[in-house]
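Asker: With the hints as your guide, set chain B onto chain A.
Now for the letters of each chain:
There are 2 protein chains.
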Amino acid sequence: MSEYINEIEKLIHLLTYLPGVGPKNAERIAFFLANTSKDFKEDFISTLSSLSKNVRKCEICHNFSNDKICKLCSSTERDNSILCVVEKPQDLLAVEKSGAFRGRYYVLHKLLSPVDNILPDDIDVNGLINAIKRFGVKEVILALKSSVEGEATSILLFETLKSLKVKITKLATGLPKGGELEFVDEKTIYEAILGRKNFEN
Amino acid sequence: MSEYINEIEKLIHLLTYLPGVGPKNAERIAFFLANTSKDFKEDFISTLSSLSKNVRKCEICHNFSNDKICKLCSSTERDNSILCVVEKPQDLLAVEKSGAFRGRYYVLHKLLSPVDNILPDDIDVNGLINAIKRFGVKEVILALKSSVEGEATSILLFETLKSLKVKITKLATGLPKGGELEFVDEKTIYEAILGRKNFEN
Numbered sequence: 001m002s003e004y005i006n007e008i009e010k011l012i013h014l015l016t017y018l019p020g021v022g023p024k025n026a027e028r029i030a031f032f033l034a035n036t037s038k039d040f041k042e043d044f045i046s047t048l049s050s051l052s053k054n055v056r057k058c059e060i061c062h063n064f065s066n067d068k069i070c071k072l073c074s075s076t077e078r079d080n081s082i083l084c085v086v087e088k089p090q091d092l093l094a095v096e097k098s099g100a101f102r103g104r105y106y107v108l109h110k111l112l113s114p115v116d117n118i119l120p121d122d123i124d125v126n127g128l129i130n131a132i133k134r135f136g137v138k139e140v141i142l143a144l145k146s147s148v149e150g151e152a153t154s155i156l157l158f159e160t161l162k163s164l165k166v167k168i169t170k171l172a173t174g175l176p177k178g179g180e181l182e183f184v185d186e187k188t189i190y191e192a193i194l195g196r197k198n199f200e201n
Numbered sequence: 001m002s003e004y005i006n007e008i009e010k011l012i013h014l015l016t017y018l019p020g021v022g023p024k025n026a027e028r029i030a031f032f033l034a035n036t037s038k039d040f041k042e043d044f045i046s047t048l049s050s051l052s053k054n055v056r057k058c059e060i061c062h063n064f065s066n067d068k069i070c071k072l073c074s075s076t077e078r079d080n081s082i083l084c085v086v087e088k089p090q091d092l093l094a095v096e097k098s099g100a101f102r103g104r105y106y107v108l109h110k111l112l113s114p115v116d117n118i119l120p121d122d123i124d125v126n127g128l129i130n131a132i133k134r135f136g137v138k139e140v141i142l143a144l145k146s147s148v149e150g151e152a153t154s155i156l157l158f159e160t161l162k163s164l165k166v167k168i169t170k171l172a173t174g175l176p177k178g179g180e181l182e183f184v185d186e187k188t189i190y191e192a193i194l195g196r197k198n199f200e201n
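Taken in sequence, the protein lines are chains A and B.
FYI, my numbering numbers position 30 of the first sequence as 30, with every residue one higher than the one before it.
FYI, my numbering numbers position 98 of the second sequence as 98, with every residue one higher than the one before it.
With the rest of the complex left out, here is chain A (with noise of 0.2 angstroms):
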C-alpha cells in the first residue's frame, strides 16, 4: 500500500487547491473529514450544493448575491451619487460595518498583478463604468489596498475613469502599507472614510 483509498486521495488533492491550505494539512483536513459524522458531511455537501446553486455574481456591483441585482444595489436607501471600488467582498463589509459610507459599491475580485497573469483586460472596468452610469455617481471612491497591486489597480481605474468626469477620491493615508482592507479596525476605516483625498497619479 504506497497510497489511501481514492475518495481520501482526490480530497486531499482537492483540498490543496484552497487558499491556506499546504499538503500537509489537506491530509489532516481529508481525514477529519472521514472521521466526522455522517452529520457533518451530509451538512457540508448540501451547503455547498447550495453555494453552487444560489450564489452568482449580483449584475451591477459583482458581489455575490442570491439574485440577479443584490440587496445592496436594490435597495432605493442608499445614496446613488457616491460609489465605493473594493478588491473583495470580505473589504465591502469592513467598510459596511464602519458605518461611515451609505453609498453604492463596486467588487472587483481582483486586483492588477501582472506576475499572476492579472492583466488590465482582466479587470472589469465597464462593468464599473455601467453602474457608475446606472446610478448617476458623482465620486467613486477607489479603497484598494496601499501595496503595489493595489494602486496599479487605483491608476488603472483613475485613468479609465478620468473622461467621466465624476470624482475620484482614494481612502485617508493611515492605512498600514501593504496590510489587507479586511484585517483593518472598524475606528481605522472610518477616519480613513472621512479623510479621503482627491487621486492624483
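Just so you know, these hints were derived from the structure itself, not from any lab.
Treat the hints with care, since some could be wrong.
As the list makes no split between identical chains, a pair holds if one copy fits it or if it spans any two.
[Unchecked claim] In silico EDC-like links for lysine to aspartate or glutamate, alpha-carbon gap of 20 angstroms or less:
(1) Lys57 / Glu3
(2) Lys38 / Asp67
(3) Lys57 / Glu96
(4) Lys41 / Glu9
(5) Lys24 / Asp185
(6) Lys97 / Glu9
(7) Lys162 / Glu96
(8) Lys133 / Glu59
(9) Lys38 / Glu186
(10) Lys38 / Glu59
(11) Lys10 / Glu42
(12) Lys187 / Glu96
(13) Lys97 / Glu3
(14) Lys68 / Glu3
(15) Lys165 / Asp79
(16) Lys24 / Glu180
(17) Lys53 / Asp43
(18) Lys53 / Glu42
Answerer: Chain B alone, transformed into the frame defined by chain A:
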C-alpha cells in the same frame, strides 16, 4: 448589511470546524469556493458525497476502507505474527512506506487525552484484542508518538495486553520528542522499527 449571504455564512461556519482553519482563513476559503468554477465545486461535492457513501472503517484494523475488510487485512501476503498499532491512517502509511514492516496494523484514531475528554474507555482496546486473536499475533509494536498522550496510551495498551502473552515492543527511540510520526522521514522510521525494544512500564 452586516453579514454575508446565508450560503457563505454557513460555509464559513462549517469551515471553522476543520483542523488548522481559523475564522479568517475560513472566510477566505469560502470566498475562494464562491469564486471557483462550477466544475470545481461539483467535483468537490461529488468527492465528499463519495467519501460519505463509500468510505467506512475496516472492521478489523479500523483503517479507512471501501470494503468491510480492508485490502491490508484481507491480504494473504502479510505476516500474521506481528501487528503494528498506530494512531492515524497517515501514520500507517508512513510505516508502510518505510518498507521495514510487512505485518498487520491496528489504527486507534485517537490517543488518551483527559484534557480533550478522551478517556481509557474511548480507546477501542477490544478491537485490538480481537485483531490479535484473529491473526494469531505474537508481537505487538506500539508505534505511537513520544508525547504525553502517546506514552499514556502505550502504557494503557501494555497493561491491557499483558495477560495475552504477546510480546509488546515499541519503536526505538530516536524519534523527536513530541514529533508527529507522519512527518518523520522513512529512513528514521526504518531504523526505529529495526531497533525496537521490549515495552517496560
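Asker: For each hint, tell me whether it holds in the structure or not.
Answerer: Here is how each hint holds up against the structure:
1. Lys57 / Glu3: between (39 angstroms within a copy, 16 angstroms between copies)
2. Lys38 / Asp67: Close across copies (17 angstroms), not inside one copy (31 angstroms); limit 20 angstroms.
3. Lys57 / Glu96: within (18 angstroms within a copy, 47 angstroms between copies)
4. Lys41 / Glu9: both (17 angstroms within a copy, 17 angstroms between copies)
5. Lys24 / Asp185: Only across copies: lysine 24 and aspartate 185 sit 14 angstroms apart there, 32 angstroms inside one copy, limit 20 angstroms.
6. Lys97 / Glu9: Only across copies: lysine 97 and glutamate 9 sit 16 angstroms apart there, 41 angstroms inside one copy, limit 20 angstroms.
7. Lys162 / Glu96: neither (26 angstroms within a copy, 65 angstroms between copies)
8. Lys133 / Glu59: within (14 angstroms within a copy, 66 angstroms between copies)
9. Lys38 / Glu186: Answer is neither: 39 angstroms inside a copy and 34 angstroms across each miss the 20 angstroms cutoff.
10. Lys38 / Glu59: For lysine 38 and glutamate 59, the Cα distance is within 20 angstroms only across copies (18 angstroms; inside one copy 37 angstroms).
11. Lys10 / Glu42: both (18 angstroms within a copy, 13 angstroms between copies)
12. Lys187 / Glu96: within (12 angstroms within a copy, 55 angstroms between copies)
13. Lys97 / Glu3: Between copies only: 9 angstroms across, 47 angstroms inside.
14. Lys68 / Glu3: between (45 angstroms within a copy, 19 angstroms between copies)
15. Lys165 / Asp79: within (18 angstroms within a copy, 81 angstroms between copies)
16. Lys24 / Glu180: Only across copies: lysine 24 and glutamate 180 sit 12 angstroms apart there, 26 angstroms inside one copy, limit 20 angstroms.
17. Lys53 / Asp43: both (15 angstroms within a copy, 14 angstroms between copies)
18. Lys53 / Glu42: Classified as both: same-chain Cα gap 16 angstroms, cross-chain 10 angstroms, threshold 20 angstroms.
Going through the hint list in order, the structure does not satisfy hints 7 and 9.
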